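Visitor: Listed below, chain by chain, are the residues.
Protein chains: 2
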Amino acid sequence: MITVDYLIEETLKKKNPSVIGLDPDISRIPDCFKQNIFDQNPLQATATVIEQWNRNIIDSIYDLVPAVKPQIAFYEKYGSYGIHALENTIQYAKEKGLLVIEDAKRNDIGNTAWAYAQAHLGKVETITEEKYSSVSVDFLTVSPFLGSEGLIPFIQICKSNGKGIFILVKTSNLGAQEIQSALTAKGLTVSEYLASYIAGQADTSLGKYGYSAIGAVVGATYPNENSALRKIMPKSYFLVPGYGAQGGTEQDVMTCFNSDGLGALINSSREILFSHTTDIEQKNISKTDYCNRVREATKYMQEKIYFALKNTCPNMLY
Amino acid sequence: MITVDYLIEETLKKKNPSVIGLDPDISRIPDCFKQNIFDQNPLQATATVIEQWNRNIIDSIYDLVPAVKPQIAFYEKYGSYGIHALENTIQYAKEKGLLVIEDAKRNDIGNTAWAYAQAHLGKVETITEEKYSSVSVDFLTVSPFLGSEGLIPFIQICKSNGKGIFILVKTSNLGAQEIQSALTAKGLTVSEYLASYIAGQADTSLGKYGYSAIGAVVGATYPNENSALRKIMPKSYFLVPGYGAQGGTEQDVMTCFNSDGLGALINSSREILFSHTTDIEQKNISKTDYCNRVREATKYMQEKIYFALKNTCPNMLY
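Chains A and B are the protein sequences, given in the same order.
Take the first sequence: its letter number 3 is residue 3 in this note's numbering, and every next letter is one higher.
Take the second sequence: its letter number 149 is residue 149 in this note's numbering, and every next letter is one higher.
Hints in this document: simulated from the structure, not taken from any laboratory.
If you're wondering where the values come from, they're calculated on a predicted model, not measured in any experiment.
Some clues are possibly wrong.
Identical copies carry no separate label here, and so any pair may be met within one copy or between two of them.
[Said to hold, decoys possible] Mimicking DSS-like on lysine-lysine, the simulated pairs with C-alpha atoms at most 27 Å apart in a straight line are:
1) Lys34 to Lys208
2) Lys283 to Lys123
3) Lys34 to Lys123
Next up, chain A with everything else stripped away, as it sits in the complex (with noise of 0.2 Å):
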């Protein structure tokens, strides 16, 4: 089955359309899953906690979303260590059934695209004669600097393995205006002038559902732009972050819906995962706990963009 169609599916069947960020930042991860690392270097040391602090919080929710979103950097900080994580953090989620979002934001042209695109998407050439699979996930975010050139590897990648990718159009940021809003040759901003390439390449890549996962990541900030991006792409999914911690509520976020409440995706990732908001309860937080608090905001924003969504969709497919 193509990635878009069991994203679906898992949706549906989980009524939820929201995801959940792996953001490791070290620093508010709870101390009970940093104990009894002593025969490591820091830095694996830390990767192994990462890993951990991961597979806990995967146990927790991954019968509550159909996706979650690793947020590569907070990885690559440890090196080959921090990617060894991510790969068996990536295995892990697969294993319980979740599609895998990676948050990468890769970009480059010609031959170097088409490596971020296998490496990320699909199998690598090796040293033998067969190509394999590395850190390949379900879906990539690309941002779009470099211009169409640099999409095409990824896209072409998708349509041949059935994956998705999710290019940035409108991001989360005060200032994304900067060269978002700038105008194209042909009038458009940045941000219309993407959307439009991004729906033209939607239609030649629909899942049985009539969407398409060559998609967009467009900021639960902007209520009023996305009810135009949705317009100019009624076919492509979208990634929305921005919701929560960013300032985005349910309402801002119905407007990157159809009137089915398919055809987006809200992320959340602090919110969820650091409730925990002073030094103290850092501290003293135990796992059972902590993993409770996790699965608990899950559920509540579950219920609060479903709730949400139910009020706002008249074709509402859950």
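Got chain A; can you put chain B on it based on the hints?
Guide: Below, chain B without anything else, positioned relative to chain A:
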């Protein structure tokens, strides 16, 4: 010594402002490097070949160039094995006195951008009280699609650690203009807007030769526009891809330099690394012959660029 000053001193000493890309495209690495790897899985074996190939290249050119530029995509392809090969390559290049420019085009905002900046240009938090270096290099390429908010963490780390970045301003590909020529609110193109921003940051981070390591990537394929960008950013170092295989000539890149013959680094990868053009050559060439070719190609590039500089720069310092 801060990185930009060391870079200038090595450029003066070696009479060479060119750098060699370490882009291990495994399908083009000669067969002589692929022997006797029996006991490793294919991903690990390929990473081992890449590391050995890199060591041979570094041995062949370390006295000729100020820096090498590994393209991380070709290492990321092989997951944690590939990143381990990159770490060892970086370490080896540093031991040989070379500066390392990591071409990673990283981009994000907030604590994610900080994570990337710490990983590549600084030290990272661990579960111990101390911070440690991970894949730390001298220069990193950064992509600016998220606006200045996404650049600030990298710039701050450069300023505090004496490191450098090259921010994508005008890339060498044909379709670069799609986004990079769009008009921002102030009537500047995206490239000009970024150049102005970089110039402002460069002014507050000058080394003893009057140059800043808050730099820009500008493609060799736009001599006229580069002349204008040079005027906007007189003190920033430029990293210039697109020379050689991508069509830029030594005359094209002259507009990237100041009249002292400094201010730009010209990169070549494929023309230096893969001068064997037929399958038969790739199969039969010996390590010694291959390394000699890499060294000769590096010398030839140095001679062509140095000759052009001597004829172009009235205040040439070397």
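Visitor: Could you tell me which of the numbered hints above are not met by this structure, giving the numbers in increasing order?
Guide: The structure breaks only hint 1.
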